[in-house]
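Model the full assembly from the supplied sequences, consistent with the hints where possible.
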Amino acid sequence: MTPGIYGVLFIVFAPLFGGLVAGLDRIITARMQSRVGPPLLQPFYDAGKLMQKDSRQINPVQEPLLLAHVLMMAATGGLLLGGTDIIFVTFMFALAALLLVLAAGSANSPYSFIGAERELIVLLASEPFFILMMAAICKVTSFSTFETVLGSNQMVALQLPGVAVAFLVVATIKLRKSPFDISMSHHPHQELVRGLTTDLSGRLLAYVEIAHWYEAALLAAFTVLLFNWNLALGLAVFAIAYLFEILVDNSSSRVRWQAVLYSAWGVTLVLCGGNVLALFMLGR
Amino acid sequence: MSLFSRSPWILHYDGSSCNGCDIEVLACLTPLYDVERFGVINTGNPKHADILLVTGSVNERNIEIIGNLYRQMADPKVVVAVGACACSGGIFARAYNIQGGIDKVIPVDVYVPGCAARPESIIDGVVQGIAVLEEKRKKIA
Amino acid sequence: MNLAAIYATLLVFPVLVGIVAFLIDGTSLRNHLVIGGSVVVGALAIATALAFGGSSSVFFGLPGGISLGESLIVVEIGLTVFTIAISLWNRRFLAPILAIAQLAISLYLELSGRMPEVDPQELFWFDGLSLVMLLIVGIIGPLICINAIGYMRAYHRASPQLKGRRNVFFGLLFIFLAGMFGLVASNYLPLMLVFWEVTTICSFLLIGYSRTDETIGYAFRALNMNLFGGVAFSAAIALLAGQPDGLDLAKLTSGPAGAALLPAIALLALAGIVKSAQMPFSSWLLGAMYAPSPTSALLHSSTMVKAGVFLLLRLSPAMAGSTVGYLVAFIGLLTFLFVSLVAGTESNTKKVLAYSTIGSLGLIGGCAGIGTPELVWAGVMIIIFHALAKSLLFLAVGTIENRLYTKNMENFDGLLSLMPRVSTVVLVGIAGMFIAPFGLVIAKWTAIRAFLQVPGAPGAFMVLILAFGSSLTIFYWGKLLIKILAGRRETDYERSIERRVSRYEWITEGTLAVGVLAATALVGPLSDNVVGPWALGALSATPRVFLAIDPAMLLLMLSAVFFLPALAAWSWRHPQYDLADFYASGRSATPGHVMGAALGGIHRVTLRNYYLEGVLNGSFVFNAGTVACGGLLAAMVVVGMVVR
Chain A
1 MTPGIYGVLF
11 IVFAPLFGGL
21 VAGLDRIITA
31 RMQSRVGPPL
41 LQPFYDAGKL
51 MQKDSRQINP
61 VQEPLLLAHV
71 LMMAATGGLL
81 LGGTDIIFVT
91 FMFALAALLL
101 VLAAGSANSP
111 YSFIGAEREL
121 IVLLASEPFF
131 ILMMAAICKV
141 TSFSTFETVL
151 GSNQMVALQL
161 PGVAVAFLVV
171 ATIKLRKSPF
181 DISMSHHPHQ
191 ELVRGLTTDL
201 SGRLLAYVEI
211 AHWYEAALLA
221 AFTVLLFNWN
231 LALGLAVFAI
241 AYLFEILVDN
251 SSSRVRWQAV
261 LYSAWGVTLV
271 LCGGNVLALF
281 MLGR
Chain B
1 MSLFSRSPWI
11 LHYDGSSCNG
21 CDIEVLACLT
31 PLYDVERFGV
41 INTGNPKHAD
51 ILLVTGSVNE
61 RNIEIIGNLY
71 RQMADPKVVV
81 AVGACACSGG
91 IFARAYNIQG
101 GIDKVIPVDV
111 YVPGCAARPE
121 SIIDGVVQGI
131 AVLEEKRKKI
141 A
Chain C
1 MNLAAIYATL
11 LVFPVLVGIV
21 AFLIDGTSLR
31 NHLVIGGSVV
41 VGALAIATAL
51 AFGGSSSVFF
61 GLPGGISLGE
71 SLIVVEIGLT
81 VFTIAISLWN
91 RRFLAPILAI
101 AQLAISLYLE
111 LSGRMPEVDP
121 QELFWFDGLS
131 LVMLLIVGII
141 GPLICINAIG
151 YMRAYHRASP
161 QLKGRRNVFF
171 GLLFIFLAGM
181 FGLVASNYLP
191 LMLVFWEVTT
201 ICSFLLIGYS
211 RTDETIGYAF
221 RALNMNLFGG
231 VAFSAAIALL
241 AGQPDGLDLA
251 KLTSGPAGAA
261 LLPAIALLAL
271 AGIVKSAQMP
281 FSSWLLGAMY
291 APSPTSALLH
301 SSTMVKAGVF
311 LLLRLSPAMA
321 GSTVGYLVAF
331 IGLLTFLFVS
341 LVAGTESNTK
351 KVLAYSTIGS
361 LGLIGGCAGI
371 GTPELVWAGV
381 MIIIFHALAK
391 SLLFLAVGTI
401 ENRLYTKNME
411 NFDGLLSLMP
421 RVSTVVLVGI
431 AGMFIAPFGL
441 VIAKWTAIRA
451 FLQVPGAPGA
461 FMVLILAFGS
471 SLTIFYWGKL
481 LIKILAGRRE
491 TDYERSIERR
501 VSRYEWITEG
511 TLAVGVLAAT
521 ALVGPLSDNV
531 VGPWALGALS
541 ATPRVFLAID
551 PAMLLLMLSA
561 VFFLPALAAW
571 SWRHPQYDLA
581 DFYASGRSAT
591 PGHVMGAALG
601 GIHRVTLRNY
611 YLEGVLNGSF
621 VFNAGTVACG
631 GLLAAMVVVG
641 MVVR
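Residue numbers (the numbering used here), protein chains in the order written: chain A, 1 to 284; chain B, 1 to 141; chain C, 1 to 644.
To be clear, the hints were calculated from the coordinates, so they are not data collected in a lab.
Every value quoted in this text rests on a predicted model; they were computed, and no experiment measured them.
In this text, a Cβ means the ideal position worked out from N, Cα and C, and glycines have one as well.
Errors might be hidden in some of the hints.
Said to hold, decoys possible - Partner residues are not named here, just some residues of chain A that face chain B (Cβ under 7 Å, in silico):
no., residue
1, 35
2, 38
3, 42
4, 45
5, 46
6, 49
7, 191
8, 193
9, 198
10, 201
11, 202
12, 256
Here is the structure:
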């Protein structure tokens, strides 16, 4: 099968994957809190319901921007699996995230705006890591597409342990898990109300949810790139890491945005950067 | 069951209540009752919510607030008045600052009596609210 | 068509236009001259490009085989006398000293007979890089001159206390264009130096246009730094005069420089670094932001500062792989990193544009210092896309500034409603700067992949710098984008502001916006037919694919290219901010950001971007960068001089 097919498959099935992950997330979170939790397919019910609600927005550019956000997230994953250079994919990923920032910020309302600013900080905090991670993977395997990295005989995570650990921290930020859920969160009663999504309703909110599912699938794909021995191993690591994220989410409280920036950059510089430096100096 | 019945999101607003009913509402979220089993999420945001759960009654300060919250909710929406104060003002009905129950400001779909209303009643009220929500959705569609 | 003849016309014509513009006092007549002159200059530039055709490298002299004779030294004396006079008149003493130092070196070489014979047929060198630079200067330059007609009218209306000297302004713009045309095709180094200094003086005079104390101060800062660069250039010439073919740029840079040539290469690199405002010389460019916007657009983003990195790219084959080259690269990359950090703390839009310019120039310097084919390819691509997008942004911000009377991006709230058409071109410009798949991102992507091939610790640091620097650019551009797209309910008066924008500004900014979009759409052919072959030729490298774009990427690129402008254009027809009110905890709120408060009061809501307060102190970071790069620069010169 040509890589392009994988790209299309991603675009079609990633929301399913992401939705199921979200559903499992809520069930496991509930069990951790001695509750039963919603049905597994609850995120799909939520999104479906939202599609039927009245969608009001404050600024007419919000809907096109949100649509672009979802499409861009989908396209990023599609391109990644379809054989595009993985470093280029991180730029697309950043653009997709930026579109959400613009959609929320353009509402020019207090909670959305601050949510957008904080999401921009999240982007600033996480982007250096993703660029470095992909660059390091290219360096280790001398390949630069998803399929070729998977097929490489270099086990990326073994040579990039610092990157793998840093990924765990940055993934917490990207998955919007406490303590780094500064811009929006799925928990009720936030200091920013709903942050980014405060002034969205109806299908607009559904777009954000669906984009988040794509994002989860993308992060799973990134994990597979790191643990590139085979697809199953990568996904298994993603599952374990996600469990860890849920645990951290439930047991920590939110930090200030400055702490997010320091943590992410600190980890990127020291763990990831140090790893990359060692890689270069060992003459790979 | 339609999607609305599977995913009813609530917004809880506390008027001038003694907080008794509020605590009972929050109790519904705890492991003992766990309404998240039914897909209920307590959002803090009217734009995300389907059901407006109001406890406490209306006074001069919160007429505007309740009206705004109701207006900002996206259609279809229902209002559930929880507790005696929300239904009619309760024992405070003739206090100088109390205007009365919630229905003085916004249309109420379900009344849940009690002082304080018990979690079982509240859940029952929400379920009836969901049924009303369904009807409204059919009318819109 | 004879390339030499057309090129000579291209050199002389703008000077004549400039002199005549200077002499004309009547605005209307002068405007016609400017428009006509600009059109002809543009046509001449395109004609020169066509005359060059598909050749790879052409050498020529003045038409008719005239030799330079003593003309260079005469011009230099003239420039020096002018510099001394104007500096003394303003009671500044550093500039005359630097100018005299430069002249002294040249005179010494002339009079002592150490200046070698120059082949009159190899005075000028035209290749793919000169073609790119020539077209940038020749197309963007005239557009900016035309824009300046509208801009200066609004500028003087906004600041009636300033004495109008528009004849000087336009005269200088055209003379500057001639200087740039000469610079990009010079092969004989002393000839290039003359053009170099012409641009320095034009820049100085244009920065000081408004003649306030503040701008005069900044003008002299620019003059002093650039004269210092000129002294370095002269010193390099002095060192090269004794070498065989030392003053022939093409021969000098045909391959890695031998030990004898390295000191001069280092000094030339220094001159390039000063001209392109890389650290530690960045403060002159920031001061230059006080000049009228067309100056910033023309000199200080798309052309003059590009001359600096143009020189670095020319030197690239000579310094690649040497310690000097590595140091030049790190000076550039550290500049990129530091100014990107500072830009995140800045709310003055023009300063943000300036920092972004310095950063992009630093990135090009980083590419030139390492000098692999992919990197010099990326460097030229950055030049092209940055010149287009940044000149557009400066012109557009100038248009905005003249009507909103503010440069602070916090006041650009809801620009999309306030000035929808101008916002559209601004969005194109910003997108062109940092959004994939516009050209700059393609170049950065290629640069990262190329830096991965640099061995050892330097390679790691380069990749690290690029990762952090790129993320920072997203941060500061993102803030500006939010402000522009933010919703606002404008009054009728506010809606009328845009009608007062002049047609000169519309035409030129619109053309540049189309240029940005076209360049992105045509990045493939641009790479295959112009930049790629040049990079291969300059470094005598094996053919390779520079730009690997598959059909899916291409489709994505084209849709992304048109998305933001389409969004902006669509929003012209939809009333902004009319649809719903925002959530304010149930309080009544209006989109004008007045909220009800407790006990019947009201709150005014102000929404402000994050400027990383408490995390970064802008001036501290800037100074740290200056010191760090200053150290590296000193090391570069020492290494060039001493280490063999």
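Does residue 45(A) hold up as a contact with chain B if the rule is Cβ-Cβ below 7 Å? holds, 4 Å
Interface hint compliance - residue 198(A) to chain B, C-beta minimum distance less than 7 Å: holds, 6 Å
Evaluation of the interface hint that places residue 46(A) against chain B, nearest CB under 7 Å: Constraint on residue 46(A) satisfied, holds at 5 Å.
How about residue 35(A): closest beta carbon in chain B under 7 Å, or not? OK, holds: residue 35(A) within 7 Å of chain B, min 4 Å.
Any CB of chain B closer than 7 Å to the CB of residue 49(A)? holds, 4 Å
Is the hint on residue 256(A) kept, meaning its closest Cβ partner in chain B is under 7 Å away? violated, 20 Å
Closest C-beta approach of residue 202(A) to chain B relative to 7 Å, hint status: Constraint on residue 202(A) satisfied, holds at 5 Å.
Given residue 193(A) was flagged as interface, is its beta-carbon under 7 Å from a beta-carbon of chain B? Given a least distance of 5 Å, the restraint on residue 193(A) holds.
Using the nearest Cβ pair, does residue 42(A) come within less than 7 Å of chain B? holds, 5 Å
Given hint residue 38(A) near chain B, where the shortest CB pair must fall under 7 Å: With a closest approach of 5 Å, the residue 38(A) hint holds.
Minimum beta-carbon distance criterion (7 Å), residue 201(A) to chain B: Hint on residue 201(A): holds, closest Cβ of chain B at ~4 Å, below 7 Å.
Tell me if residue 191(A) is really an interface residue toward chain B, meaning its C-beta lies closer than 7 Å to one of theirs. violated, 10 Å
Against the hints set out earlier in the document, violations occur for numbers 7 and 12.
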